[in-house]
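Protein sequences appear in the order of chains A and B. Those letters in the first sequence? Residues 1 to 358, by the UniProt record's numbering. Those letters in the second sequence? Residues 1 to 358, by the UniProt record's numbering.
Each hint should be verified, as a subset may be incorrect.
Which copy is meant is left open, so a pair is good if it fits within one copy or across any two.
Unchecked claim - Distance condition first, Cα-Cα at most 16 Å in a straight line; then the derived EDC-like pairs of lysine to aspartate or glutamate: (1) Lys335 <-> Glu291; (2) Lys336 <-> Asp193; (3) Lys96 <-> Glu328; (4) Lys228 <-> Asp193; (5) Lys62 <-> Glu29; (6) Lys35 <-> Glu328; (7) Lys96 <-> Glu201; (8) Lys96 <-> Glu312; (9) Lys336 <-> Glu287; (10) Lys330 <-> Glu347; (11) Lys330 <-> Asp316.
Honestly, the hints are just simulated from the structure, not real lab data.
Protein chains: 2
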Amino acid sequence: MITVTVDLGQRAYPIHIGPALIDRTDLFEPHVRGKTVAIVTNETVEPLYAARLEATLAPLGKTIIRIVLPDGEAHKNWETLNRIFDRLLAERADRKTTLIALGGGVIGDMTGFAAASYMRGIPFIQVPTTLLAQVDSSVGGKTGINHPLGKNMIGAFYQPQAVIADSAVLRSLPPRELAAGIAEVIKTAAIADHAFFSWVESNIEALSNYDQAALAVAVRRSCEVKAKVVGEDEREGGIRAILNFGHTFGHAIEAGLGYGEWLHGEAVGCGMVMAADLSARLGLLSEASRERIVNVTRGAKLPVRAPALGEERYIDLMRVDKKAEGGEIKFILLKKIGEAVITGVPEAELRATLAASI
Amino acid sequence: MITVTVDLGQRAYPIHIGPALIDRTDLFEPHVRGKTVAIVTNETVEPLYAARLEATLAPLGKTIIRIVLPDGEAHKNWETLNRIFDRLLAERADRKTTLIALGGGVIGDMTGFAAASYMRGIPFIQVPTTLLAQVDSSVGGKTGINHPLGKNMIGAFYQPQAVIADSAVLRSLPPRELAAGIAEVIKTAAIADHAFFSWVESNIEALSNYDQAALAVAVRRSCEVKAKVVGEDEREGGIRAILNFGHTFGHAIEAGLGYGEWLHGEAVGCGMVMAADLSARLGLLSEASRERIVNVTRGAKLPVRAPALGEERYIDLMRVDKKAEGGEIKFILLKKIGEAVITGVPEAELRATLAASI
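Bound-form chain A, shown alone:
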């Protein structure tokens, strides 16, 4: 087991990475204080891991509530969130109740926001069961739900007590979900660590073939890079925004197709290719580097062509992005592999990228 610490002063927390951690009672014990624990999961993950997690928690002698939500980004909304609140109140869960998010990014984001908001804040633990959640949503404290007019528009910055990232559970991931997670690994390497990017290029087949050792390395290095960036800028006042590389285009794809049509990681993968295209068009990134981004994304079996929503629709969707300020769309672009920049861009180049990508 490896432990990465996210250093946020009083809100610092550990990310434990390794096989079969879901069975380790000792990892949960320090973070569960009240008399009640509520496991929040979804219909897909429940039959795989809920009973195992409950067996792990049993020696702690807590009352365990199991809350099972429908699966998928389409359910990341107020109605589903409210099912958590309804159940917690019906079970008289108090302010010391610990929530455990057992699932992918959607479960993590919703459980985190429920923890942030229930009685104005209760503790929670992340047990991410997808590669995407292990490398992305478990670091950074971003929680929230979607609104019909935009993704993750309602939420909070709220840190977990701990993240327990079990590498062995990744074996149960469908191939599309695995690829979506690799997209976030590529992203993290591309914006901040050239050596890691080269490692990903060399290991892209191993990652795509569920190689446990390669996946554990990818999770650890991604978490380290993210933890460093988030530690410098917890509430995304500046540098932290580079973690959104590929997300401005990606969010537009997700919103334009309807949430759940493409996986978040697939949209981000394609969004990175578009952002690399825009970076090259503006003379920031070399053509050779742009091609490396395209090739490694394709190597991860991710889509590299954007859905044909039409240029105007893309621009419209991007204007409502959280990173937009006063109507100007902000992009995370690459100066080189391993170094990102945040900037507005001329509309002509943006339109050229859209025309070339869809």
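Position chain B against the provided structure of chain A, taking the given hints into account.
Below, chain B alone, put in the same frame as chain A:
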């Protein structure tokens, strides 16, 4: 004008108290940064002050959005909150948009929670227009909405940029609303400041007769006491809970009758009388001090007898209170006037208080 500072480090903010502050552009200017300001108010307050506030903001050259919600505690729910989000997204309000809460406690709590959650947090300013909001909800950063199973169950701790408490607007308050605000003044004095409590006793008629000078003193001293308590314990880990004196009984009254039947301050007023009764029964508070609490509450024209919901119903409602832990109901009681204590109580004495109060 008097300014009380709530000292919370990076989140410190000023409370400005005085007549006609709603017209002071200079008080708003330092706290409005983005291109858009959204005023959130209700149908009752809008015709009185919205146009005046907009005229105050006009010299700042911002786009002003006016969001008008239905009036009353019964609307302090997700549906109403979501009207704020819908409008902000429809108007493309970005992360630098400032919300201004123009109204009483319900508007302040909902606008604060909207600010805490919109795009994971945007700035907001409180312009409380009731005495209750000026002395209570403008200090402490408690925001939130009600759930059918409990009051303020969903929310966040989130601090405003500033509070602008205009003493002159209190003239437009209906008498019941004024009395509800005085309840919070009495509460604050009773738990932490014997000299202030004596001052309230001597000035209870002036306060009830809308005396501007007396009200300004009451607001200032209440805010000072609250700011000190909150500064020591922002997230209510300990001492801050004494501010909930009268609230365990009060919340049960509100939930039992249905939100909106009694005003929050009326329920707290009656709740203080009940908590004083319980304190006396347990030998903590002298009979003479108990009588002073009853008399000043009655002097403020607040109810001192609880609605006849039945003992079992009261106990049931109190068990779901946020202060309950593992099923044990926590009470804020008085050791003497000016000094509170947080404790569980034997059921026999609790039942005796209920029997004597209803």
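Outcome of the hint check:
Taking the shortest Cα distances, Lys335 and Glu291 sit within 16 Å of each other inside one copy (14 Å), while across copies they are farther apart (74 Å). Taking CA atoms no more than 16 Å apart as the test, Lys336 paired with Asp193 passes inside one copy only; the shortest distance there is 10 Å, against 63 Å between copies. Taking identical chains as interchangeable, the C-alpha atoms of Lys96 and Glu328 lie at most 16 Å apart only when they sit on different chains, with a minimum of 13 Å there against 43 Å within one chain. Taking the shortest alpha-carbon separations for Lys228 and Asp193, only the intra-copy value of 12 Å comes in at or below 16 Å, while the best inter-copy value is 47 Å.
Within a single copy, Lys62 and Glu29 get their C-alpha atoms as close as 11 Å, which meets the 16 Å cut-off; across copies the closest is 51 Å, which misses it. Taking the shortest Cα distances, Lys35 and Glu328 sit within 16 Å of each other only across copies (12 Å), while inside one copy they are farther apart (49 Å). Taking the shortest alpha-carbon separations for Lys96 and Glu201, neither the intra-copy value of 45 Å nor the inter-copy value of 39 Å comes in at or below 16 Å. Within a single copy, Lys96 and Glu312 get their C-alpha atoms no closer than 49 Å, and across copies no closer than 25 Å, so neither meets the 16 Å cut-off.
With identical chains, the CA atoms of Lys336 and Glu287 are at most 16 Å apart within one copy only, with a shortest distance of 10 Å there and 77 Å across copies. Only within a single protomer do Lys330 and Glu347 lie at most 16 Å apart by alpha-carbon distance; the minimum there is 12 Å, versus 60 Å between protomers. Only within a single protomer do Lys330 and Asp316 lie at most 16 Å apart by alpha-carbon distance; the minimum there is 13 Å, versus 52 Å between protomers.
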